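Both chains come to you apart, so use the hints to assemble them.
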Amino acid sequence: MAEDTNKFDVSYVAYLARMHLTDAEKEKISAQLKDILAYVAKLNELDVSHVEPTAHATPLSNVFRKDEVQPSIDREKILKNAPEQVRDLFIVPKIVE
Amino acid sequence: MQYEAVIGLEVHVQLKTKSKMFCGCATEFGADPNTHVCPVCLGYPGVLPVMNEEAVRKTILTGLMIGSEVARFSKWDRKNYFYPDMPKNYQISQYDLPLCAKGLVEIKLNGGATKKIGITRAHLEEDVAKSFHFETTSGVDFNRAGTPLMEIVSEPDLRSPDEAFAYLTALREILISGGISDCDMEKGQLRCDSNVSMRPVGQKAFGEKVEIKNMNTISGVRRALAYEIQRQTAALQKGEKVSQETRRWDDATGRTSVMRTKEYAHDYRYFPEPDLMPVVVSEEMIAEIRKLLPELPEAKRQRFVKQYGLPEYDAGVLIASGTLAAFYERAAQGSRNPKAISNWVTTELLGKLAEAKKTIDECPVKPEQLSELVSLIESGQISGKIGKEVFAEMFAGGKAASLVVKEKGLVQVSDTGSLDGFVEEAIAKNPKSVADFRAGNKAAINFLKGQVMKLSKGKANPQLVGEILLRKLEGG
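Protein sequences appear in the order of chains A and B.
Once you know that position 79 of the first sequence is 79 in this note's numbering, the rest is easy, because the numbers rise by one and skip nothing.
Once you know that position 86 of the second sequence is 86 in this note's numbering, the rest is easy, because the numbers rise by one and skip nothing.
Chain B with its partners taken away, still in its complex shape (with noise of 0.2 Å):
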């Protein structure tokens, strides 16, 4: 029997505010253990917490960003559990009553087609510790507990791990655009959880759910369904039963294993919180959150592949991060050769961030720097190669590119005066390959053209150097 697979993905995102959802701490990634704590995080009885406006805003301009329904009435509750993660034993969080509920995310299949992905809804909620094991004991930082975090439900729309990978890599733009988060995944800034059910083609009743945790990364995400979809598959043809339960993914081992069962099944006690007040939410403020919709990414990556003229995969490259794309655009602004710029940004730039890691607003190279830089090898007064050392040396002194070509005299030398000394010094060097050249080895030209760049160090113009080996060669 051929069986599909039914996927809903739970996504958790850490918001971008400077401070924690209900007290004043820092939410700062990487501080020390226990620094960024108070009272309120740490739950101590009979304190009060009090609503981040940044947050609420955050999570109602995601709603609008995704197509949700904004509820005009939300409310908190308590979840309640025992676990040292959560000091006050219950989390805040919102049960019947979420700020979005609804809407839509469009994906891009292989091949080109388009699929639309429902989302359940989107609330907010409080992060919780980050706990660490040892051998006989485990120890908590509580610098985490407290951050704002949204959860982001789909609907189980989602039909095979590469669906899966598109949807969050979509999910992931759209956030990263709006400035909701930074999605960074190795600082848990997002999180995912699935859930995943097989059942025989052509049947609408869903299959026994099983849910995957701590998949870290979005590739582990997919790999870890692939392996889900085959195990429950196998155990499917087999005639086996499917057993509702929780499953953990080693990403070292590629292979999932159960966490807990249906009987240990939580049992959360929702109640509304007593402490927090509902959030209202008026048709003014929604107004002025919409005028916080920034270009969402599909529509922006269609535009430069319009406007600049550039494949898909560069425009992909440059949309990931709004700070990288608003970079390009102003290097762009004026060029004559945006795919040029767009080659420099995506290799050489990005490059030199992660070797030096560093971020692109904390680049040492302006983008109108760039763009003269292009300019430049664009015009011939310097060669590309030539380029990539101007490049490395404004990298590193943030110095102009014409002031560095000056500086080091790295103009490209296209006088043929001075260019045929070297293509004679070249010539007499390296008299076996003007011999292979004469008796028909047509190719023994770019190592003689190779010793005419070494020789002038790089300046040389390659163009003239080819045409004025060749003259001399064959008239000689």
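Here chain A stands alone, though its shape is the one from the complex (with noise of 0.2 Å):
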């Protein structure tokens, strides 16, 4: 996506973060945002054509558990941390698709 840096939506992307942009708040991030992304691009002068793609810098794989029950939290705790809560359940402003 750094290929482009001149086209984007930013409107689409404050959608996607459920942020409420100005239009002069939208004008000051786009043209930040493409700095960002043409700074990033940078890489792409880098010749990578040897490396293996990989999303982690450590060598490691199968980082595995055995399937074991462990203690859950008690729930007094975990509730203290809902913004509201009724019959024992995080209560969440009503939720329709």
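It is worth saying that the hints were derived from the structure and are not from the lab.
Note that the coordinates shown come from a computational prediction; the quantities given were computed from them, not determined experimentally.
Where is the CB? At the ideal position from N, CA and C, for every residue including glycine.
Check each hint, because a few of them may be wrong.
[Unchecked claim] Label-pair ranges, simulated between beta-carbon atoms: (1) B/E355 - A/I73: 38 to 44 Å; (2) A/V63 - B/E378: 33 to 39 Å; (3) B/G254 - A/K77: 42 to 48 Å; (4) B/E283 - A/K77: 43 to 49 Å; (5) B/K209 - A/Y12: 20 to 26 Å; (6) A/D47 - B/K209: 38 to 44 Å; (7) B/S282 - A/I73: 52 to 58 Å; (8) A/E76 - B/Y81: 28 to 34 Å; (9) A/E76 - B/N343: 49 to 55 Å; (10) A/V69 - B/E312: 36 to 42 Å; (11) B/T169 - A/K77: 40 to 46 Å; (12) A/A24 - B/F271: 27 to 33 Å; (13) A/V63 - B/K357: 40 to 46 Å.
Now the structure itself:
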């Protein structure tokens, strides 16, 4: 995506992040994001044709745990972090799809 | 114009593990809300998920059962979206390197022909929380969040609701036979979404695709597809266009309605999960898992038909669960009448289990005890009717059949001396039936036979009773 730094729909990205931006903010952020992308695009100048793509810096794999049950956390403690609770449920604004 | 349906299914299966995918919380169903949760499955910042090895192995075993190519290198990705059922705002899933690619599930069509349905992929992810909707708010229970969930995607090879039904049935049998999942749809252990489009018969290109969600039973899937095919066909025949959208199935009204259209389609912005290292599957690991391969359902069904002389239907009922099939095989072992054993298992035993809301694992009657009961009936020591009474007693108290028969004095009366008395009493008490019989109404003897059985409290040998009655009626 770094190839085309000029085409950038800031409204769409803001929508995906559930951010409400004013037109002035959109303009400002759009310019900033373009700068950031141009900066990251510098990486394209490197020749990485001989490097295996990876998502990690450490050569680890298969970090497993045994299928064993560990104690969960006390519900009262957990629900202290709920914005609101009813019948031991986390209460959130009504979800409709 | 004639149209044909093109259907693909996405099946989500909760794996049968004790603990969650990335933390040690229990996966047990039906616990009090928010009691099986921890910082990992609640998505607290700074926590580290760790893979449940058993879930990875079960996914690989599934791949082996459906003839997939098991990936030698597989990785995790974040699927980003905002929804309260997923507190991290992303779901850990697999995007471009799933554990299993390709595969086949063979289905049986009406009339006995078979068809191979292609599998696109099977990958592992984490289940989301369960939400409840109230008047003005929603409530979330995170017990389910983080349960290992396998997604199996089929190729668009299905052409009718019946084929979709057969595919789900076959897939479910395979998953149960491998101990991958219990596939209890009522508990949400197997869930299904469907893609369906219509195209003129003979056309290669696919039509506009509609996704259907919220089908909670296998027959619900069949009904939803039948409705959707009819809806889309009617639209096309009127010259209208089918729009690409997601629709929700309502089982109560038997209709689908729009959930979201293409403009609101999700953009999940997948990217590699930095917190989880990749899975490297070695030849040794596959060889080890291969040893766990069970006898596949279709092979088992055929073997039951052949080995025990059962009708296909009976065999199908018995193999629907691995433990039930094992119970049957133990009971049928050494029995002279495996078909009778099957009848008892599929009717009385399953009936009593359902009544008592018990599973076959909790059955108080042991296979050997059922086998003994059937041989008591076979040898004529008790009648089939008394057999049911004995079975109820065995089920209630876990006692052996012979013990119940002895304790209750239920042994079938087969000596003519004692039976004579009952027969004479029945004849004396029912002069009308006797007269009817002698007047030529031969069926009247059945009533008299019934009376004798009643007098003997069901213990008389019915065949002998018939003979004695006939002799006395015709002789007198």
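Tested hints:
no.: 1; hint: B/E355 - A/I73: 38 to 44 Å; verdict: 39 Å, holds
no.: 2; hint: A/V63 - B/E378: 33 to 39 Å; verdict: 59 Å, violated
no.: 3; hint: B/G254 - A/K77: 42 to 48 Å; verdict: 45 Å, holds
no.: 4; hint: B/E283 - A/K77: 43 to 49 Å; verdict: 46 Å, holds
no.: 5; hint: B/K209 - A/Y12: 20 to 26 Å; verdict: 23 Å, holds
no.: 6; hint: A/D47 - B/K209: 38 to 44 Å; verdict: 42 Å, holds
no.: 7; hint: B/S282 - A/I73: 52 to 58 Å; verdict: 36 Å, violated
no.: 8; hint: A/E76 - B/Y81: 28 to 34 Å; verdict: 30 Å, holds
no.: 9; hint: A/E76 - B/N343: 49 to 55 Å; verdict: 54 Å, holds
no.: 10; hint: A/V69 - B/E312: 36 to 42 Å; verdict: 41 Å, holds
no.: 11; hint: B/T169 - A/K77: 40 to 46 Å; verdict: 44 Å, holds
no.: 12; hint: A/A24 - B/F271: 27 to 33 Å; verdict: 30 Å, holds
no.: 13; hint: A/V63 - B/K357: 40 to 46 Å; verdict: 41 Å, holds
Violation of the numbered hints given earlier is confined to hints 2 and 7; the remaining hints are satisfied by the structure.
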